[in-house]
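Trainee: Given chain H's structure and the hints, the job is docking chain L onto it.
Heads up: the protein sequence lines correspond to chains H and L, in order. For the first sequence, the working numbering gives the first residue as 8, with consecutive numbering after it. For the second sequence, the working numbering gives the first residue as 69, with consecutive numbering after it.
No wet-lab data here; the hints were simulated from the structure. Warning: the hint list may mix true and false statements.
For lysine to aspartate or glutamate, the following EDC-like pairs were computed, each having C-alpha atoms within a straight-line distance of at most 16 Å [unchecked claim]:
no., chain 1, residue 1, chain 2, residue 2
1, L, K186, H, E364
2, H, K124, H, E20
3, L, K184, H, E191
4, H, K127, H, D90
5, L, K277, H, D90
6, H, K371, L, D188
7, H, K343, L, D188
8, L, K186, H, E191
Quantities reported herein were computed from a predicted structural model and do not represent experimental measurements.
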Amino acid sequence: MLKTFKMGGVHPEECKLSEHSAIETLEAPDTVYVMLNQNLGAPSVPVVNKGDKVKTGQLIAKGEAFISASIHSPVSGTVDKVDSWIDASGYRKPVIIIKKEGDEWNDGIDTSKELVKEIKASKEEIIDIIKNSGIVGLGGAAFPTHVKLMVPQGKKAEHLIINAVECEPYLTADHRLMLEKGEEIIIGVQILMKALDVTKAIIGIENNKPDAIAHLTKLAASFPGIQVQGLKVKYPQGAEKQLIKAAINREVPSGKLPIEVGCVVQNVGTTFAVYEAVQKKKPLIERVVTVTGKKVSKPSNFMVRIGTPVSVLIDKCGGIPEGTGKMINGGPMMGKAFTSAEITVTKGTSGILLMDENESGRVKEHNCIRCARCTMVCPMGLEPYLLAMAADTANWEIAEQHHIMDCMECGSCHFTCPSGRQLLDSLRLGKNKVGAIMRARKN
Amino acid sequence: MSTILLAVIVLGSVGLVFAIIIYGVDLKFQVIEDPRIDQVVEFLPGANCGGCGFAGCRNFAEAIVKAGNMDALFCPVGGNAIVKDISAVLGIEAVERAPQVAVIRCNGSLANAPQKIKYDGVSRCSFAHTLSSGETGCPNGCLGLGDCVESCQFDAMYMDKTTGLPVVIEANCTSCGACVKSCPRKIIELRNKGPKSKRIFVSCVNTEKGAISKKNCAVACIGCGKCVKACPHDAITLVNNLAYIDFEKCKLCRKCVTECPTGAILEINFPARKTESAPAGEDQINQ
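Next up, chain H with everything else stripped away, as it sits in the complex (with noise of 0.2 Å):
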């Protein structure tokens, strides 16, 4: 039988447009912009100035806090500036913008598609490894890999888990991926476990994958450490709690760690990522894009370099269809919309999708009718209705009470709401403003 987390879930519509179009690499563009900002917590320090020769590899920025990563330089070339440029939130934020010339490689980086089975690093080296080619989540939080792989004293790890769900609509990034290097993840599946020390590895795959289940399963036969496991269509089933719930029936306590239940969950995408910087000693420089939509010509998935222009991605699927209503980083679930094809490809951009105008506008706003399918449908067994009407009062009190923080933005009761009305909007306001008054009690 297949698998699913049992609490709330919603089906939407699965869009899976660009699933049989193949990764195609794209070439590096002339000029790419390094947001500086590229993952969850501290943002990155340069330590390159203007007019700097940089290679492709090379170190450009470092991760100095506890959660922070480094980034690398994703093409050869001049640093131009140190400067800003906007990124998908529509802010300003402090940017390296380097010029292409030529392709050199920085020392040590295998750039063969020879495959390397050999793990020839130990438990000590991994995850200095992965610090050091500046991987993080690549499932769209950007969570820096490194610091889930630290084990804290006195909590042990006994499952390494897989997210290969993907169970935002219209996505296809890590479908692809699957299909196409699979030998690979299986390998950077062993490299994750040894940096854990753990023996079990559960690859979480949804059902309508039927492809890329079967293609793992096959190369997965031979290592027993290695679970294949298929998993009910349900979203958010890519959620770290809902996936852990789904797999191995275990639920995280509010407000703690997947460790707190012996569980460490990684993205595939990050798998193929930590394969790449501990076989081929290649920093993460590069990710899968899907660029899709209804009216898209061409729904594709791109191999890109970090920082390259979102523009440029669209004018390879065919450019701007007409009637666009917005243009969305992600998903369409927790995707949100951007304001400019300005901004760059970040180690956290897993989709752009142009939506049509007919089906990105708001609905219009009723009355709650009390029906609460909100609550039936909140995967992680909150009271939407409540924690909207909290932050629209602007009652942090209650909605702290009633685990506001709790809330992963997934967007399954604004989605499901027969009246419309824009409770993650809300409960978005409410979790910014809870957030900045709970860090301000603890200083």
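Mentor: Chain L only, in chain H's frame:
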């Protein structure tokens, strides 16, 4: 007859016993409150607006009586009129403060900063600010959704439909500061009203580089520093590509206004200039 008498005696004696107990308890647990608190409350406006920083007027009165002076305490609504009365109650000398008014430091009207993006979310500034940079592309400018107007308890603000910006009605503004707190972009500032309500201020809070801010808004402060050089009173400072006029130092000479290349500095309630036409921004705001 005797039944009535009995009832009167029983109830009367019960009442007497309780009266004695209540009197005893009152003596024992008497709360001694400074009578001046009540006197001070009499003079306060009673709006409980929180402009003084306290939860309500009575808390403010308690704080005044406890401190014994009004050095750090001020009721912006009552203003200088009540300072005299309260000072008389406390037996101290009244120190007057310069009256203040809320000033909107953004002139990015629909004409000056054209709309580039359509925001279709919840029609509140606090929401729009967390979700996007706003419709004009200026990350610091007014979002025009009126959180400040909603926060005003004194009917001193309204949204001007033609400019898309809030307007302060000077006569009603009590400088309670509710709008200052409600603005997620920190655009509104309390400034001294100035002699005959004349004031000069930089009507922009954009900290981006000049070339970028100018692209989004015709009347943005571009941080050129011309006003800083022109000011004979050292009242203007330039921090993060943004000029700021210190109202304590400003002598209202208007040299900066003529110098500003973008018209970001506004002069309010001045008589029209004889020699040249008024700067571009002036007719946008009639406070």
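Trainee: Quick check: which numbered hints come out false for this structure?
Mentor: 2, 3, 4 and 8
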